[in-house]
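Assemble the complex: chain A is given as a structure, and chain B must be docked to it using the hints.
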Amino acid sequence: MITRTLLPADLRCVVTLGIDFDGPSHEVGRGIAPLGIHSCGRYSARCGIPRHLEMLARHGVPCTFFVPGYDARCHPDTVRAIDAAGFEVAAHGYLHEAWELGEEEESQLLRRTDDLLRELLGKPVLGWRSPSGRKTQTTMRVLKSLGYLYDSSDKDYDLPYRLRFGRGADDWMVELPNNTYSLDDFPFYKFSYTPPSEVLAQWQSEFDAIYASDRFFVLAVHPRSGWGSGTPAHTRVLDQFIGYMRSHDGVQFFSSGEFARWCLDHPQHLEEVAIP
Amino acid sequence: MKPYAWPGGARCAVFVSVNFDAEAYDLLSTTESWLFGRFSYGRYGVRAGLPRLTQFLQRRRIRATVFVTASDAERHAQAIRALSAAGHEIAARGSDLKPLPSLGAGEGDALRYARDTLAAIAGSPPAGFRAPGGELSANTLRLLAELGYQYDASFQDADYPYLFAPSDATRLAEVPGMQALDDAPVYSARHTHARLMKIWREEFDALYDAGCLVSLTLHLRGDMGSTRAARIAALDGLFSHIASRPDVCFMTGAELAAHALASGLAPEPDPMALHQETLALTPYRGDLAVKPI
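Quick mapping for you: the protein sequence lines, in order, are chains A and B.
Number 26 in my numbering belongs to position 21 of the first sequence; there are no gaps in the numbering.
Number 651 in my numbering belongs to position 232 of the second sequence; there are no gaps in the numbering.
If you are wondering where the hints come from, they were derived from the structure by calculation, not from laboratory data.
Hints may be right or wrong, so weigh each one.
[As the list claims (entries may be wrong)] With a straight-line cut-off of 30 Å between C-alpha atoms, the simulated DSS-like cross-links for lysine-lysine are:
#1 A:Lys140 x A:Lys128
#2 A:Lys128 x A:Lys149
#3 A:Lys195 x A:Lys160
#4 B:Lys617 x A:Lys195
#5 A:Lys195 x B:Lys517
#6 A:Lys160 x A:Lys128
[Unchecked claim] One side only, chain A facing chain B, incomplete, derived with CB under 8 Å:
#7 Gly41
#8 Ser44
#9 Pro67
#10 Thr236
Every residue gets a Cβ at the ideal spot worked out from N, C-alpha and C, and that includes glycine.
The following block holds chain B by itself, in its conformation from the complex:
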């Protein structure tokens, strides 16, 4: 397999992304007046988690990419401005966390609102986007390109960034993620942070040896996120391990996208082109998926 040319001849690139997912996530299950008790893990992420995470990143001199909904950014504008001022990238995650395919004709407005809200709060429009729940409609990539986004970070289908061509004239970079490097599934299953760090260390070692993108996804939340003190300490151990390896570069989503866009890579075909016809004839059976007990 052909190795990817990372900047400066680096062996591999580490992308630290943070899904902000505060009240926006709790509001998928409840309403404003119930944002207490079991529905306050999102607020924990902002009140307790965010200061701890930003101190950790500062100590490690790592710039992260924070994907935040317009709704959470409006609720926590000061925190978003502080993240931006500290050098972190502010990227979009929709207007709220409702899945894009459920928005129908309103999807374009939601993506525009996300862009304009973050531009007003952080001072510049977001380059990047990650879909709520990782769910895209057939129109999402085209809409993102039309709205001036430079990259999406929702797919899980490649070892390296690559390019889409939503129209003849537009290019959109894809900065793919990886389920095994997402904290939420493992913490949602109530596994320990020791277990997650064991997984991540093994994943990192193999990705490093293969020269691939190491696409980490952290959440702020107090339930399935990584910001509790013990989890930050566990993460610190992992980052010491990463730091012990030579030639690792840390890149933000915008930097990875700019690198891919400047690479002259040929764009991928429309990911829906092969499937539209079959999908039109196929009933939805998503509920067949076997879920963990």
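Isolated chain A, as found in the complex:
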């Protein structure tokens, strides 16, 4: 068994793009009516998603849309349009839960979102990203029982790995770790009010370093207004950044689901980790 994930040389650099839908679920889940200053989630379905779909189609790159179940219920046509455009739809909580859940409640919510997305799209859901970065061993167990191939929520590594959650032979899932302090849009637009061009420069420098070392790049953005990337200036940054990555030799874009499949087909390349 290898001790460190090593991507083969022919995978010069892997990029997975994720768009976390984060519509009105973000506010409604906190008991806030999505009105006025709390209406940025309404921008996702109306403007942000169509703008992102158009931009991604122009680049011809895959992308995974992580959708809270509640948003799928509110905007089924938008979620169908994402799927019809050939992009992966994965799960992202029900009401964008940003608090700790009891085991029973968590299991119910994971199933509820899975049922909704599965019914809406007529196919299985392959992956999940925690809506606030919270997850437990229970999360993994339930996701695995629902047939999920991967999780993309842990922040503990720069490379994909096999995350073990039990002792059984099959008690593991592909983990595609992300980072919501730098490889995300909201820290810059919500906290530091960074000008869009400087967000682009930040992501470019992240990409340069990763291209030169670990060769695995995971970006997460949001189609909402406010702290998201749905608005014209913020989508432009994303557009320019994708162009920047594409201009590098050997960069391969995968949806998270496709890359999880690659990982499952090449387990010998992936480090296995058991978190006690």
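Structure of chain B alone, referenced to chain A:
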């Protein structure tokens, strides 16, 4: 995405809105007898800021829309009349800055009082409304329509103005804003005006190219507002940049609303309809929001 038809075939429309928020804002944190020292930034906005801003707007030949509470309008009636006389639109912002959802059954009275007070001071009832703190109750849109308001300017959910139908018979235009084009969050975080102007220039360029509404929100205040001399100078640089682009039209909130109401756009469904049931079952967790350190 379908482009919006701006008047006269313009490429994009710029909406300059001003949140007056003088003593009304300081009084959210203190009482009348303490309106000195740290609680006098609101008064700065009226004494020092307003003359500077109005001269700037006059030089640029821009008519702004000024959202003002009834309480501030009563304190500064002369200034409101002068703004109106100079061609700026006077619009409502509640009776004071208490969040509307906290008013309960008194919300209708507050919105009526705001309308009647501005009508008495400015000479005509306000067409527009922007909610204090951007907070609306489930009843606000219906109340606004019943009271004869023509538009709200509190949402942040669209690239263009659109319509609500608070009842079968009424239409209310929405003139949405954008957090990135509001001076207060950035200045509240103590960022420089150079940084804000860099953000706004990049936001404007992209909105212009996409043909969207450029919905600027300025505050008068001396702390998180745009009226200090250096900030007006910075703003002047931005407006020179805007002026260098062809086919930009400047519109007031009332003009944007009238344009949307006359457009034949289909109204949006009630923004609460989908959510009432879930909200009734969901505890308030607004305090979970991660705040900047």
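Evaluation of the provided hints:
{"no.": "1", "hint": "A:Lys140 x A:Lys128", "result": "24 Å, holds"}
{"no.": "2", "hint": "A:Lys128 x A:Lys149", "result": "16 Å, holds"}
{"no.": "3", "hint": "A:Lys195 x A:Lys160", "result": "20 Å, holds"}
{"no.": "4", "hint": "B:Lys617 x A:Lys195", "result": "16 Å, holds"}
{"no.": "5", "hint": "A:Lys195 x B:Lys517", "result": "24 Å, holds"}
{"no.": "6", "hint": "A:Lys160 x A:Lys128", "result": "29 Å, holds"}
{"no.": "7", "hint": "Gly41", "result": "4 Å, holds"}
{"no.": "8", "hint": "Ser44", "result": "4 Å, holds"}
{"no.": "9", "hint": "Pro67", "result": "21 Å, violated"}
{"no.": "10", "hint": "Thr236", "result": "7 Å, holds"}
Hint compliance for this structure: hint 9 is the single one not met.
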